[in-house]
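Protein chains: 2
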Amino acid sequence: MEGLMMHYPLTTTTILEYGNSAFHHKKVISHLPDGSRHEYRFSDLYKRTKQLANALTKKLGVTRGDMVGTFAWNHYQHLELYYGIPGIGAICHTINIRLSSQQTEFIINHSEDKVIFVDATLVPLLEKIAAQLETVEKYIIINAPEGFTTTLPEVLHYEDLLKDNSEEFEWPALNENDACGMCYTSGTTGLPKGVLYSHRSTYLHASTILSPNAANCSNRDVMLLIVPQFHVMAWGFPYMCILAGADMVMPSLHLQPEAIIRILQEEKVTKANGVPTIWLGVYEAMKKNPPKEKLVLEEYLVGGSALPASLIEGFERDFGIRGVQAWGMTETSPLGTVARLQPKHESLSEKEKLHIRAKQGIEFPGIEMRIVKDDGTVAPRDGKTMGELQVRGAWVLRSYFKTLNQENFSEDGWFKTGDVSTIDEDGYMHITDRTKDLIKSGGEWISSVALESALMSHPKIKEAAVIAIPDDTWSERPLASIVLADANEKVTKEEMMEFLARDFAKYQIPEHYVFIDQVPRTSVGKFDKKEIRKRYAEGKLG
Amino acid sequence: MEGLMMHYPLTTTTILEYGNSAFHHKKVISHLPDGSRHEYRFSDLYKRTKQLANALTKKLGVTRGDMVGTFAWNHYQHLELYYGIPGIGAICHTINIRLSSQQTEFIINHSEDKVIFVDATLVPLLEKIAAQLETVEKYIIINAPEGFTTTLPEVLHYEDLLKDNSEEFEWPALNENDACGMCYTSGTTGLPKGVLYSHRSTYLHASTILSPNAANCSNRDVMLLIVPQFHVMAWGFPYMCILAGADMVMPSLHLQPEAIIRILQEEKVTKANGVPTIWLGVYEAMKKNPPKEKLVLEEYLVGGSALPASLIEGFERDFGIRGVQAWGMTETSPLGTVARLQPKHESLSEKEKLHIRAKQGIEFPGIEMRIVKDDGTVAPRDGKTMGELQVRGAWVLRSYFKTLNQENFSEDGWFKTGDVSTIDEDGYMHITDRTKDLIKSGGEWISSVALESALMSHPKIKEAAVIAIPDDTWSERPLASIVLADANEKVTKEEMMEFLARDFAKYQIPEHYVFIDQVPRTSVGKFDKKEIRKRYAEGKLG
Chain X
1 MEGLMMHYPL
11 TTTTILEYGN
21 SAFHHKKVIS
31 HLPDGSRHEY
41 RFSDLYKRTK
51 QLANALTKKL
61 GVTRGDMVGT
71 FAWNHYQHLE
81 LYYGIPGIGA
91 ICHTINIRLS
101 SQQTEFIINH
111 SEDKVIFVDA
121 TLVPLLEKIA
131 AQLETVEKYI
141 IINAPEGFTT
151 TLPEVLHYED
161 LLKDNSEEFE
171 WPALNENDAC
181 GMCYTSGTTG
191 LPKGVLYSHR
201 STYLHASTIL
211 SPNAANCSNR
221 DVMLLIVPQF
231 HVMAWGFPYM
241 CILAGADMVM
251 PSLHLQPEAI
261 IRILQEEKVT
271 KANGVPTIWL
281 GVYEAMKKNP
291 PKEKLVLEEY
301 LVGGSALPAS
311 LIEGFERDFG
321 IRGVQAWGMT
331 ETSPLGTVAR
341 LQPKHESLSE
351 KEKLHIRAKQ
361 GIEFPGIEMR
371 IVKDDGTVAP
381 RDGKTMGELQ
391 VRGAWVLRSY
401 FKTLNQENFS
411 EDGWFKTGDV
421 STIDEDGYMH
431 ITDRTKDLIK
441 SGGEWISSVA
451 LESALMSHPK
461 IKEAAVIAIP
471 DDTWSERPLA
481 SIVLADANEK
491 VTKEEMMEFL
501 ARDFAKYQIP
511 EHYVFIDQVP
521 RTSVGKFDKK
531 EIRKRYAEGK
541 LG
Chain H
1 MEGLMMHYPL
11 TTTTILEYGN
21 SAFHHKKVIS
31 HLPDGSRHEY
41 RFSDLYKRTK
51 QLANALTKKL
61 GVTRGDMVGT
71 FAWNHYQHLE
81 LYYGIPGIGA
91 ICHTINIRLS
101 SQQTEFIINH
111 SEDKVIFVDA
121 TLVPLLEKIA
131 AQLETVEKYI
141 IINAPEGFTT
151 TLPEVLHYED
161 LLKDNSEEFE
171 WPALNENDAC
181 GMCYTSGTTG
191 LPKGVLYSHR
201 STYLHASTIL
211 SPNAANCSNR
221 DVMLLIVPQF
231 HVMAWGFPYM
241 CILAGADMVM
251 PSLHLQPEAI
261 IRILQEEKVT
271 KANGVPTIWL
281 GVYEAMKKNP
291 PKEKLVLEEY
301 LVGGSALPAS
311 LIEGFERDFG
321 IRGVQAWGMT
331 ETSPLGTVAR
341 LQPKHESLSE
351 KEKLHIRAKQ
361 GIEFPGIEMR
371 IVKDDGTVAP
381 RDGKTMGELQ
391 VRGAWVLRSY
401 FKTLNQENFS
411 EDGWFKTGDV
421 STIDEDGYMH
431 ITDRTKDLIK
441 SGGEWISSVA
451 LESALMSHPK
461 IKEAAVIAIP
471 DDTWSERPLA
481 SIVLADANEK
491 VTKEEMMEFL
501 ARDFAKYQIP
511 EHYVFIDQVP
521 RTSVGKFDKK
531 EIRKRYAEGK
541 LG
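Quick note, the sequences are listed as chains X and H, same order. FYI, the numbering for the first sequence is 1 to 542, going by UniProt numbering. FYI, the numbering for the second sequence is 1 to 542, going by UniProt numbering.
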């Protein structure tokens with residue numbers, strides 16, 4: 001028997017309308033590429049998004065199901081695109097600005113973007129490939145400085161597009177399962193693959209992650225969105241903040257540690273998100289040059305790669321700011337788990353607590369996870385048994401865009417993440433490695449991530465990336481590439497082996513070490529192990 | 001274009017499975033009718049609910065779409081029914097134990113309950129009408145004491161029903177739009193009307209109200225569920241607490257102020273819900289007999305009728321406990337709005353803050369509201385213009401059960417609440433009256449609720465209920481029926497009129513006053529104005 005409740009689709013338009021009704025006075029603050037500060041209210045966002053909707057449909061001829069690209073920093077105009085494009089039933093395709101020209105070209109042609117909204121500072125990246133783009137009819141330039149010129153064809157300026165459009169617009173009735181956004185995974189191997197989010201998945205993700213167990217986001221917060229809008233929808237924060245009535249601070253290209261610290265101070269930011277690299281940089285800058293006044297910042301949510309326990313510890317000890325680890329992937333919208341302590345952990349030692357907080361954590365309602373062993377059976381939740389992490393849920397993809405290949409899915413429909421993980425008795429998931437980064441030595445598995453975490457807790461070591469290198473005896477052995485905290489303060493191989501011996505079995509400890517200036521990274525800031533392997537995996541050691 | 005995300009139905013089973021996965025160690029604590037204390041974990045709830053599911057299908061022959069009644073207090077068995085019945089695709093119909101025999105009989109026959117689960121202490125209420133119940137095949141007795149006997153036919157004991165059933169049960173695949181629960185509105189006029197909740201509406205309501213802007217419920221909380229499970233699904237708290245991982249405390253029939261205070265102390269309760277009458281009782285008992293140790297209780301969420309500003313103030317001043325006002329109806333699952341202060345209110349005076357907190361507040365995401373004037377136009381949000389509150393949203397009914405009559409809905413599909421309200425510039429809704437309680441005097445409207453609130457803030461007055469009485473000159477005039485705080489401390493008519501003159505225009509101030517021992521109440525604790533009118537509206541004054 002059907003329940004007798006109203007049909008009420010969960011869409012991004014619902015979110016925008018809600019923000020204007022319940023929180024019209026809340027702010028969106030943008031630190032724009034030219035260094036100027038822009039501030040307006042949710043009610044202004046609302047009106048301008050309706051102007052944009054009129055412009056998209058009437059001036060640009062964008063219709064339902066069309067793909068509209070964005071190639072831009074975090075700011076209010078990009079936020080307007082986040083609501084305006086899906087609002088008319090089109091799809092907001094956020095293009096990662098950090099990919100190679102070749103990948104960018106592939107993505108734009110593959111997704112068939114009809115229009116691209118591009119930040120003036122990023123235009124040169126598109127100019128290089130414009131001749132190869134097959135479907136783009138128009139480029140809309142955002143934040144163009146005076147005297148701006150470009151070789152891009154069919155150019156229009158964002159403010160010129162919006163002006164003279166009515167602030168009244170009747171949203172079309174949307175099906176909540178319609179697509180609203182798309183991101184491509186950057187893919188360290190192979191071609192980028194598109195993930196096509198629905199209105200429903202976007203709404204449910206945003207409305208779930210604001211929970212006190214997760215981002216704990218309310219109308220009392222001023223949220224700094226460091227995670228780029230071109231990267232997995234900025235973790236859904238542009239939608240979550242409106243649902244929660246939180247002020248939003250958008251830093252555009254001001255992502256250097258000093259710039260972030262200045263914005264945190266000026267805007268009295270209470271919470272923020274970002275990848276570990278960002279927070280490592282901020283921490284080091286604050287250590288060197290401690291802020292005169294204590295920051296209002298209470299906590300930062302971290303994901304993308306593992307947050308080193310040493311960073312959690314240092315930030316909290318030195319500045320009273322809490323690091324909260326989360327986990328997710330482009331394929332999971334992205335947030336799937338979060339690691340916060342619970343009352344049952346209160347009696348634990350500080351070290352034990354840190355150990356839990358450095359895990360990836362428990363799943364959000366709406367997400368399910370399991371660990372599948374090599375033999376295909378589900379692993380027990382004992383905190384030890386490793387296997388591949390598989391997930392399913394309300395904001396997990398069921399297929400990549402334009403791809404029939406279902407190799408990333410189990411036969412019973414779970415998404416295979418490619419992460420090697422454990423789940424402990426309390427349900428805390430811990431990623432021990434990427435399947436392809438796991439080292440198999442003499443028939444035993446060695447976790448590269450566990451070695452990296454341990455090495456990075458050494459006071460003289462800033463960063464460490466561990467890969468497998470071929471070995472005649474053991475088939476594979478670990479190699480650690482090390483970035484020193486201070487290039488003048490060397491650390492010996494013996495010192496490192498002794499240090500690791502506290503936590504690792506003998507066979508797990510690397511005997512190969514190389515010193516590098518910095519760890520090569522992918523476009524989204526993760527360690528680029530493919531690159532490190534290229535340099536060292538042939539056994540040519542430094 | 002459809003998004004490529006997984007199909008993942010939002011059901012009560014999803015909630016139960018989540019609780020067992022992420023929070024299996026969290027507790028359900030029941031203070032049972034016989035005074036004993038029962039404690040188990042979410043993992044036990046999970047296993048026993050699966051046993052119940054087996055028993056329902058195999059022993060009782062309950063199938064999808066069947067209506068199963070509950071007539072019970074708040075405790076773990078009732079919680080098992082909240083998950084077990086909808087889990088197999090049947091509908092959990094919670095019957096209000098405080099209705100008249102006639103109403104109860106009507107409801108059970110109208111809903112066609114096949115089985116009724118009934119608390120032993122409540123059996124006498126059903127025995128009286130059992131002969132008239134047309135569809136009930138079986139009565140399952142919960143918490144029967146030794147030597148229990150009954151005249152009910154076809155009786156089975158709850159534990160006997162469960163025992164010997166497997167803890168394994170494969171949930172059927174459910175459509176999220178299927179019905180999962182039903183409550184009848186008690187209806188001060190006319191026959192009770194059934195509201196048929198869906199899995200989806202139940203899930204979305206629960207997952208939204210745990211927000212830090214609303215109930216602010218997390219795995220750090222111990223929640224006392226005072227609102228009965230037989231009354232609008234205990235405000236969805238049995239579902240919310242599992243999603244949030246909060247410990248639940250169920251008081252069964254221990255609802256006297258002293259019992260509640262004892263439970264708050266013993267269980268270290270952090271948050272609770274309840275109607276104003278409950279909290280008024282608790283406040284007075286605590287004033288008389290202040291607890292030796294400060295309660296852990298941080299705040300209580302209040303709804304059902306308006307929380308007097310004087311109670312908010314007193315509780316906070318005397319015991320440091322915050323009252324948070326919410327609004328809802330059986331027809332809205334129930335929660336629709338909540339009144340919390342926001343950072344923008346920080347600069348206001350304490351009196352102004354209290355004024356905002358005594359409103360019904362802003363809507364939750366998923367709910368929309370508007371005020372419609374007599375002429376059918378939507379009222380401006382100025383905090384002054386009154387009209388009927390209309391709502392729509394993801395957990396608002398679209399029709400009553402077995403009713404074709406759509407008189408409670410606007411032509412464009414909004415639910416007409418029957419509440420007279422205003423909405424202010426900040427979006428805070430304030431109920432000034434029920435449409436049928438509004439007093440029309442000399443062509444001007446007078447709000448009975450506003451007069452009641454003002455009178456109840458008088459130190460000598462405990463409660464006040466205002467109704468309209470016929471008047472030859474003005475058509476209607478207000479009459480105030482007063483319950484004194486201390487029967488020996490009289491207050492004169494002149495004193496009250498002078499007191500009201502501070503806030504009300506002359507024509508709004510009642511000249512008729514009667515003193516009563518207590519305000520008659522409906523089955524859910526609201527002022528029964530129908531009853532007061534019966535006594536006084538013919539102009540026969542006390």
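Derived from the structure by calculation, the hints contain no laboratory data. Any given hint could turn out to be false.
Footprint (simulated), chain X over chain H, 3 or more residues, beta carbon under 8 Å [unchecked claim]:
id : region
1  : 22 to 31
2  : 460 to 469
Cross-link-like lysine-lysine pairs, in silico, BS3-like; alpha carbons within 25 Å at most [said to hold, decoys possible]:
id : chain 1 : residue 1 : chain 2 : residue 2
3  : X       : Lys268    : H       : Lys344
4  : X       : Lys344    : H       : Lys27
5  : X       : Lys58     : X       : Lys138
6  : X       : Lys353    : H       : Lys27
For glycine and all other residues, C-beta sits at the position ideal for the given N, C-alpha and C.
Three-residue Cβ test at 8 Å for the coverage of the region 460 to 469 of chain H by chain X: With 0 residues closer than 8 Å to chain X, the region 460 to 469 of chain H misses the three-residue bar; violated.
Hinted pair X/Lys353 and H/Lys27, Cα distance within 25 Å: holds, 22 Å
Hinted pair, alpha-carbon criterion (25 Å max): X/Lys58, X/Lys138. Please report holds or violated. holds, 14 Å
Annotated coverage of the region 22 to 31 of chain H by chain X, confirmed only when three residues or more have a Cβ within 8 Å: holds (count 4)
If you draw a straight line from the CA of X/Lys268 to the CA of H/Lys344, is it 25 Å or shorter? Holds. X/Lys268 to H/Lys344 sits at ~15 Å (cutoff 25 Å).
Given pair status - H/Lys27, X/Lys344, alpha carbons within 25 Å: holds, 12 Å
The structure does not agree with numbered hint 2 stated previously, though it agrees with all others.
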